[in-house]
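2 protein chains.
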Amino acid sequence: MHEVPFGEILERLRGIGSKKVLIQTPEGLKKEAQELADFLEAKGIEVIINGDVNYGACDPADSKAKLLGCDALIHLGHSYMMLHLDVPTIFVPAFAKVDPIPALEKNLGEIRKLGKRIALVTTAQHILHLERMCRFLEEKGFEVLVGRGDSRVSWPGQVLGCNFSAARVEAEGVLFVGAGYFHPLGVAIATKKPTLAVNPYSGDAIWMNKEAERLVKKRWAQIVKAMDAEKFGVIVSTKKGQLRLAEARKIANLLREHGKYARLIAMDYISYSALEGFDFDAYVVVACPRVPIDDYENWRKPVLTPKEVEILLGIREEYEFDEIPGAERKEDEPFGVSLKGSPAKNADFDRM
Amino acid sequence: MHEVPFGEILERLRGIGSKKVLIQTPEGLKKEAQELADFLEAKGIEVIINGDVNYGACDPADSKAKLLGCDALIHLGHSYMMLHLDVPTIFVPAFAKVDPIPALEKNLGEIRKLGKRIALVTTAQHILHLERMCRFLEEKGFEVLVGRGDSRVSWPGQVLGCNFSAARVEAEGVLFVGAGYFHPLGVAIATKKPTLAVNPYSGDAIWMNKEAERLVKKRWAQIVKAMDAEKFGVIVSTKKGQLRLAEARKIANLLREHGKYARLIAMDYISYSALEGFDFDAYVVVACPRVPIDDYENWRKPVLTPKEVEILLGIREEYEFDEIPGAERKEDEPFGVSLKGSPAKNADFDRM
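If you're matching them up, the sequences are chains A and B in order.
Going by the UniProt record's numbering, the first residue of the first sequence is number 1, and it counts up by one from there.
Going by the UniProt record's numbering, the first residue of the second sequence is number 1, and it counts up by one from there.
A few of these clues could be false.
Intra- or inter-copy, both count: the list cannot distinguish identical chains.
[To be verified] Quick list of in silico lysine-lysine cross-link-like pairs, BS3-like style, CA-CA up to 25 Å:
#1 Lys31 - Lys231
#2 Lys66 - Lys330
#3 Lys19 - Lys260
#4 Lys260 - Lys97
#5 Lys225 - Lys193
#6 Lys250 - Lys19
Please keep in mind that the hints were generated in silico from the structure rather than gathered at the bench.
Computed from a predicted structure; not experimentally measured.
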């Protein structure tokens, strides 16, 4: 389904004189990662494969690479997210080969219900087809708006599970193209607009707003469950791109100002089982919003997002999805291999 | 069961001018860690609690402390293990309050079966009672040998699950005092001597040699299961005190010299589930020996220790327990709070 450009990666490694490299891979590219390791070792570069689960561009293994004595990291499956990197890192985004146009064609009737002026968003996997999708929809009479998005995303029109900045445009409704529920649910809650999710693999189209309502109801139930909580564990992630320490401190202080007890807890792998034995009545996850929202059923204590705590304390009225905002994005990432990170000389490569 | 000296820890933190500290705790001291956090925050020091599971002194959270902007780490429950530390670290070993003498008294008949000249070993938790145990046993007519151990342990007579250097003395048999099976099993296999484990909590005494034989049989079964394996994943840990990279490379090279395919895999949390999707027939864990030995039933592929690979390849005949050896230990650790690690000025504190 995906292609990894072995030759280009080798060239980039040779360009920085790399002799020892760590390869990090998402679940779906494990076979390719291993084949890449075989290929590079045959070319005389020592390879270690990172076996820990990778959660995205927010979770680069650059510090582990340094600890292991590697002079570079290959991060498969995602484009660069603005973060300080401890070693030069080659980002190799992965694009799905599926053509989304037939799924759009099939669901034109539903898409028309969004209105004439629509926002188009997708995940990184399908971003290569964004322009073709725009043209197709424009030919069908739509005015298609593609939001630029902020610095947390790599390209206009791209959404993450924690960032819907590219969906915030003056449209009547939002068309999301991609697989999975989490992203379009976030889009629907974040934009509060009619949101249709078209799956390019199955060809299905699903209206997300009912699903979003259902999710928001579940979240309100978590908030209600936390009403009597006195002691809050405020969890901050040690994954570089999820390390929202200032936000966590803000939430802990807010809780204390409202007479609650709050302590900061740092975790790499956030799970309830690791927290058993501490004396907290409820938790706030100031990390990836998927943790409290996707995993709450595995927690024996209420677990909230920062925005939900504001509702709990009566500071906020309307439900809002937990997003990790970026700054202004200066330029888009390339649709292919890119080299980032220290040492200083790599700045030259970045411009190559 | 344990006491954490809050005042002394505060003094040490003030001594290095710490303003922000990360507290790392083992499972059994979570309540105390939280109380310590409350105490220190009341004194004006900002605290973050490390929520990740801690596996021992081999797994200090100093790098996480640095990432979180903390200027010091408090590591509860273990004494210092010789490692480079990214921030000044206060080690607070925890000692059990149980008196082991009654359990020795009760089991004198069994202890006599070890012979007259016996080795005495224990875990860090009971090390404070080592001298009293020696005296008690000597009064009962034993010649008691306490091995010095290497630099991986802190005190003479101390054993770890990965280091039995203190048990290697010219004794007829070994008396282990402590709870749990893993340590005395390792002692029995490592020393190949009659080994009696006396549990100071329950007062029970168990001969470990039958248990050891049973474990070795299970390990041979793993080796046999791996006989037809062609592709080996050689797992190295990114936990500082388990990072046996040279050993992992040696094992990978050995496998290759014997016509096998081998790849290095780096992991922080070693579990089979994270490895599913890679194309390996068997794994070698060059990290904490507990992982392959305690957890193998959760692996769907054979999982071996480095020494077991040597048996598999016909280089070694007799079964040997996987240990992580240290160098010569220059001095013992204090039986209490100690401050270690950079910056350079801390060298003065170490000598305090």
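Task: Hint numbers contradicted by this structure - done: Failing hints, ascending: 2, 4 and 5.
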